[in-house]
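Q: Letter by letter, the chains look like this.
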Amino acid sequence: MSTMTETRTAPTRSSAGSKGVTFGGVLRSEWIKLWSLMSTRILLLLTLAAIIGIGALAVLIRYTYLDEMVRSARDQGQAMTPEMLEASFPPGSGFDLYNLPNAGLQIGILILGSLAVLFMSSEYATGMIRSTMNAVPRRTPAFVAKAIILAVISYVITTIAGVATFLIAMPVFQGMGFDLDWSTDGVLYSIFTGGLYVAGVALIGLSLGTLLRNSAGGITVLVAMFFVLSIAAGFMTLIPGEFWKYVPQYIPSEAGGRFLSIGHTDGVIDPWHGGLIFLGYVLLFLIPAMIVLKKRDV
Amino acid sequence: MIEATGLTKVYGGKTAVAGVSFTVKAGQVTGFLGPNGAGKSTTMRMIMGLDRPTSGSVTVNGRPYAEHKAPLHEVGALLDAKAVHTSRSAYNHLLAMAATHGIPKTRVREVIEMTGLEAVARKKAGGFSLGMGQRLGIAAALLGDPQTLILDEPVNGLDPEGVLWVRNLVRYLAEQGKTIFLSSHLMSEMAQTADHLIVIGRGRIIADAPVKEIIAGTRQARTLVRTSAALQLSALLAGDGVTVDQSEPETIEVSGMDSRRIAQVALDNGVLLYELTPQLSSLEDAYFDLTKDEVEYHSHLTGGPAVAAPAAAGK
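Respectively, the protein sequence lines represent chains A and B.
Everything in the first sequence is counted per the working numbering, starting at 1 for the first residue and increasing by one.
Everything in the second sequence is counted per the working numbering, starting at 1001 for the first residue and increasing by one.
Honestly, the hints are just simulated from the structure, not real lab data.
Each hint should be verified, as a subset may be incorrect.
Claimed, not checked - Rough simulated footprint, nothing fancy, chain B against chain A, three-plus residues with beta-carbon under 8 Å:
1) 116-126
2) 129-135
3) 212-224
4) 285-298
Each residue gets a CB set at the ideal place from its N, CA and C atoms; glycine is no exception.
Required output: the full structure, derived from the provided sequences and hints.
A: Spelled out as structure tokens, the structure:
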């Protein structure tokens, strides 16, 4: 007992001295964990390339399609201007040009969401989680640090990719005569919200990795939520009855997708409603994950 | 200083640790000894806050581990060697742990040097041998230069040189006034390293005493005597507090009387002795005596516990 008191009042801490656990320290620790894995660095770089690549492909497809329509109209002796073409598509049909920055978003959701699952589940798989909990025995700061890092990385990558995609798309469509630039309604909005949406998916991924403690399980549930469910939603609308026509827009991917668009459409939830519903889904996973992490034996 | 009070852990109806209470004091090496499945690791995990006790409590240096402001400076623990991300280098693993407390890089390099990991520090931890993994675990435990060190089977997988290094390290740290709590199933290792022993079996504490006391206290000193007049000598020696067992026609084992007095009795009565050997009881004997009823997984193969079986049967 006396020895203990002695060492406490006069600590001989060699070079190991520190003030103890700080949130900034935990944040730095989680950053080192993420960045020190070669696989993560490569994956992040590839994700950026993939979002821009898929985006560019989508730009090309739209360009070819529009070009074809203008050409065939001209062949039939009709003068088709880009304004007329744009107006011929009903709102919400997906042919808006302002959302071009998010053309490659789906691939970003898939990769960054899976990376988020792995950021936690791989710690369980390797046993690293016990070292993490030893260093941060309160546990919650480690989870919050992971969440912040994933959200920021997802946001930054998606935004950079969105800007790059638009930089590719803009001259192509301007060349066709479309009036499209940074000041076009919805362009900056969709870049801003695209990042938020992917960051939200990453938080759901992190929560799934925490709740299930299993990489394969977490990624499967994530893919089911954001890809399989939206296909299923398409079939839901075929069920007779008014009710089923409205259900699909409340699933995570549809609500989140609606958040990225602008303007009011009758019979469809407004963008900010979609955003709030999606935020609700994020919290629905995030909060139980934090509670479970705090209480569960590791 | 570790204090456990009524510490209990029940996993799905199976009691792993059943209300143990003990104190691990500073300035000495305390060994935690017990057969497989006795509850050693579970107890250590509860100390570190990894497992939540079903009931009871445990404090380290006066508080539950999670409530310390600088937990790595209070307790360093090696619970299982593979608590490392397999794709991360040893250096980055330690760096990430150190970052949580703002422990400088110089200290990271210091523990790498102390544990002899310089050559492999930049390599992926997943490729480490058991011994290297063990050294990395010890390096992580030492990172915060903690007041209390908890090591679960630290010499597992280490080469003889490594075993010696761990032994010297924990002895040195104990002399510095630190609290050392280490578990092992290697009794010979405990005999050489520990000052104090806590023996656990089936989740209960069966002994909590200095090593010397455990060796001396569990079994009375015995003396092996060989004589052609075994029956006659047995009758002469029999008396208060003396037990005599005859295992072979001309061999008896005497306990409760030292060899000098046995020789004297034999000489006084003209009995010829052709062997008189004091049997030193070892920690191993003491351990088997203590745990013979507490072993969770009995080995049904002859050979394993047979080392102690004749001794136990003879008692």
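Q: Does each hint fit the structure? Answer for all of them.
A: Here is what the structure says about each hint:
1. 116-126: holds (count 3)
2. 129-135: holds (count 6)
3. 212-224: violated (count 0)
4. 285-298: holds (count 3)
When each numbered hint is compared with the structure, a violation occurs for hint 3 only.
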